[in-house]
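Peer 1: Whole structure, please, built from the sequences with the hints as guidance.
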Amino acid sequence: MSSRTLPLLFINLGGEMLYILDQRLRAQSIPADKAKKVMNDIISTMFNKKFLEELLKPQELYSKKALRTIFDRLAHASIMRLNQASMDKLYDLMTMAFKYQVLLCPRPRDILLVSFNHMDAIKEFVKDTACILSQVDEMYQQLIEMYTPLPSGEFQLIRQTLLIFFQDMHIRVSIFLRDKVQNSNGRFVLPISGPVPHGTKIPGLIRMHSCTGEETSQLQFNNGGNYTAALCEGSFELFGDRVTKLGTNMYSVCRPVETHMSGTSKHSAQHTKVNLAPNPLAKEELNLLAKLMGGLEVPKGGNADGSFRVNLFTTDEEEEEALKSRPDELSYGFINIQATKDQTANTELAKIIGEFSESRETPDQSSCASSKGDDLLAMMDGL
Numbered sequence: 015m016s017s018r019t020l021p022l023l024f025i026n027l028g029g030e031m032l033y034i035l036d037q038r039l040r041a042q043s044i045p046a047d048k049a050k051k052v053m054n055d056i057i058s059t060m061f062n063k064k065f066l067e068e069l070l071k072p073q074e075l076y077s078k079k080a081l082r083t084i085f086d087r088l089a090h091a092s093i094m095r096l097n098q099a100s101m102d103k104l105y106d107l108m109t110m111a112f113k114y115q116v117l118l119c120p121r122p123r124d125i126l127l128v129s130f131n132h133m134d135a136i137k138e139f140v141k142d143t144a145c146i147l148s149q150v151d152e153m154y155q156q157l158i159e160m161y162t163p164l165p166s167g168e169f170q171l172i173r174q175t176l177l178i179f180f181q182d183m184h185i186r187v188s189i190f191l192r193d194k195v196q197n198s199n200g201r202f203v204l205p206i207s208g209p210v211p212h213g214t215k216i217p218g219l220i221r222m223h224s225c226t227g228e229e230t231s232q233l234q235f236n237n238g239g240n241y242t243a244a245l246c247e248g249s250f251e252l253f254g255d256r257v258t259k260l261g262t263n264m265y266s267v268c269r270p271v272e273t274h275m276s277g278t279s280k281h282s283a284q285h286t287k288v289n290l291a292p293n294p295l296a297k298e299e300l301n302l303l304a305k306l307m308g309g310l311e312v313p314k315g316g317n318a319d320g321s322f323r324v325n326l327f328t329t330d331e332e333e334e335e336a337l338k339s340r341p342d343e344l345s346y347g348f349i350n351i352q353a354t355k356d357q358t359a360n361t362e363l364a365k366i367i368g369e370f371s372e373s374r375e376t377p378d379q380s381s382c383a384s385s386k387g388d389d390l391l392a393m394m395d396g397l
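Numbering-wise, this note's numbering puts 29 at position 15 of the sequence shown, and it's gapless, one number per residue.
Simulated crosslink set (DSSO-like; lysine-lysine; CA at most 27 Å straight-line):
1) Lys64 x Lys141
2) Lys71 x Lys113
3) Lys259 x Lys194
4) Lys141 x Lys259
5) Lys137 x Lys71
6) Lys50 x Lys63
7) Lys51 x Lys63
8) Lys259 x Lys137
9) Lys79 x Lys64
10) Lys64 x Lys137
11) Lys63 x Lys141
12) Lys64 x Lys78
13) Lys50 x Lys259
14) Lys63 x Lys78
15) Lys113 x Lys78
16) Lys113 x Lys259
17) Lys113 x Lys79
18) Lys259 x Lys215
19) Lys64 x Lys50
20) Lys113 x Lys194
21) Lys51 x Lys64
For the record, the hints were derived by calculation from the structure and aren't laboratory data. From a predicted model like this one, the values you see are computed outputs, not experimental measurements.
Peer 2: This is the structure:
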């Protein structure tokens, strides 16, 4: 598995989350100033310097549980609130959209172009906020410096790592079902036509060569599809035509999306009990969570602070029904950990998260948070 997979997974899932939230904010007619604040706050948190420094270190991919926690914290980094069922649906849409994009990439290196499409969209969301835009540009430069020199073999490892991460997720999405790119069991239908990867030729010709390398004969065969040559390669620079549409926004107000659990997903890793065996990466995962959680101030409930609820379902009744039908063993129950200063909550947990916040102000004390890793992990597993 590639140790460079985590930043790309984070960026692409984050980009899809922003697409979906932007669509829902528009659909629910949220005032423009509040919608802008939500997007700015989430993007600012996503590109927090200390968090990204930890994220960009070469490391193994973290667990689904840790990543889900990160995106739950991100979604609530502003005045917007999501009920548990809506958060489940948001995460399902994010993961299935990016899974489909990874499957469709003509060549492994194109995963970077998909990431740049997401980054381009994120820049557009904050184009009027200079301080946040500078954060995004800094991340852009780091992605270019880190990934463009990598050989094709490394991108193949990244692609395999992503597909392993997604292999047990088979959530049906209405857009994919309507476009007939997903079957009723939640598995994707891959096309056998379209442009071939850049730098390759249209299949259908076999060339025979002698031992000296000279071409001796050719043999035509039916390739079974309708292929076209790639016109040009997408830009891997800060600006330019990415060519591919993968990673661009597929949502709109007039095209709502729904998710449905397929029959095969009952046994998927996403909806089964989490293995409680000790994980050698547990402390590292918690260090990453600490970087994010320590930087968040979650507003208290109620309307006094201007917070509002976003529903990813068509009606409140649908959301309530989804919450009732949510499997008891769903591993996301632990995400109700609140990184606030409310001392009426679990005293030990509040103390640990307080240390996270202190480590954010004094990076040299980050080892304090690490030393509490086992205790926090035990609490998370117990919830």
